[in-house]
Amino acid sequence: MSIATAVNGYLRHVAVERGLAANTVAAYRRDLGIYTAWLAGEPGDTDAAPPRPITDLRAVTRHHVSAFVQYLGLRPESPLTAASIARILSTVRGFHRFLLGESLVETDVSHDSKPPKIALRLPKAISIEQVAALLAATDGDDVQRLRDKALLELLYATGARVSEVVDLNVDDVRLDDFDSVRLTGKGDKQRIVPVGSFARAAVSDYLVRARPTLSTRGRSTPALFLGVRGQRVSRQNAWLIIRAAAERAGLTVPVSPHTLRHSFATHLLAGGADVRVVQELLGHSSVATTQIYTLVTADTLRDMYTLSHPRAR
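Using this note's numbering, read the sequence shown as starting at 45 and increasing by one per residue.
Be aware that one or more of the hints could be misleading.
Straight line, CA to CA, 16 Å or less: simulated EDC-like cross-link-like pairs of lysine to aspartate or glutamate [claimed, not checked]:
hint, residue 1, residue 2
1, 230, 211
2, 233, 61
3, 233, 211
4, 230, 100
5, 233, 324
6, 230, 324
DEER-style ranges, computed between Cβ atoms [unchecked claim]:
hint, residue 1, residue 2, range
7, 146, 67, 19 to 27 Å
8, 284, 262, 14 to 22 Å
9, 85, 300, 49 to 57 Å
Hints were generated in silico from the structure; no laboratory data involved. Keep in mind the model is a prediction, meaning the values are calculated, not measured. Cβ coordinates follow ideal geometry from the N, Cα and C atoms, glycine included.
Construct all of the structure, not just a fragment, from the sequences and the given hints.
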């Protein structure tokens with residue numbers, strides 16, 4: 045079996061049997077494209093390539109995988125960050141596990157490969173007051189402001205990824221019983237997230253007073269959030285909407301759709317929510333992913349203690 049055929053088999057496996065999202069499968073395809081090009085001896089820096097082109101997966105050894113990881117960090121055209129190297133290596137390891145499981149190779153040569161250490165980066169959240177200013181910047185009675193208000197309120201109320209919110213359809217929101225929303229996350233996993241009164245009111249206003257007007261400007265679509273031409277709002281559109289609101293609010297810190305997700309988690313934990321509840325609301329598969337937010341709240345508590353306690357300094 046050729047390397048290209050094996051790669052296609054693995055991509056079909058993760059798409060069909062594991063049900064991974066199309067964007068994730070596309071990322072896997074890009075990662076494996078880099079790996080197979082390196083095995084074939086295609087990198088511009090010939091010193092970084094294998095001693096000879098590899099066309100048989102059974103000829104790949106653990107030394108090749110280790111050399112590939114080193115190449116990613118040193119390649120002259122564009123060295124990758126530790127996080128990007130770790131992601132690509134994760135894809136490569138999944139590919140080799142698949143090869144072993146399908147009996148296409150006798151050993152998993154990537155099993156002992158270790159990614160470079162990734163520096164801990166805390167999520168960037170904004171304060172409750174900054175969130176309030178951001179949401180207030182969407183006030184207005186025109187159709188775009190009504191839509192923007194509903195979009196931002198729903199993002200902050202649910203902690204959803206922007207892709208999860210822009211993928212919502214009108215049928216996903218029942219105004220007669222709109223106290224929660226069903227979100228479809230990574231790997232098509234669904235979860236139910238409560239929706240607060242502010243977001244409920246904003247979405248209701250948008251559906252009654254704005255969406256009917258926007259829907260007349262384009263082809264019929266079930267999408268909940270519509271652009272000025274009547275099409276589904278894209279992730280890029282949502283980013284521009286939030287950036288414009290941040291500018292009107294006078295916020296000097298960078299604000300993106302993910303900022304609202306980070307702020308949602310940080311504010312919940314600071315308010316006393318259990319980390320496992322926040323894990324469920326965010327749709328994280330592991331509580332370890334969510335626990336990074338506890339570091340943010342611990343820093344806040346430490347700062348408050350230092351400022352407030354008479355013998356803290």
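Note to self: Given the hint of 14 to 22 Å, is the C-beta distance from residue 284 to residue 262 inside that range or not?
What the structure shows: At roughly 18 Å between Cβ atoms, residue 262 and residue 284 fall inside 14 to 22 Å, so the hint holds.
Check: Between residue 233 and residue 61, is the straight-line Cα distance small enough, at 16 Å or below?
Finding: Holds, at about 14 Å.
Next item on the list: Sort out whether residue 324 lies within 16 Å of residue 233, counting only the CA atoms.
Entry: Roughly 11 Å separates the two Cα atoms, so the pair holds.
Next item on the list: Given the hint that residue 230 pairs with residue 100, test it: the Cα-Cα distance must not exceed 16 Å.
Entry: Violated, at about 33 Å.
Margin query: Looking only at beta-carbon atoms, does the pair residue 85, residue 300 fall within the given range of 49 to 57 Å?
Written below: violated, 40 Å
Notebook entry, point to check: If you check the beta carbons of residue 146 and residue 67, does the distance land in 19 to 27 Å?
Noted result: holds, 25 Å
Item checked: residue 233 paired with residue 211 [C-alpha distance capped at 16 Å] -> holds, 14 Å
Margin query: Run the distance test for residue 230 versus residue 324: straight-line Cα separation, threshold 16 Å.
Written below: holds, 13 Å
Note to self: Tell me if the straight-line CA distance from residue 230 to residue 211 falls inside 16 Å.
What the structure shows: holds, 12 Å
Hint violations for this structure: numbers 4, 9, all remaining hints satisfied.
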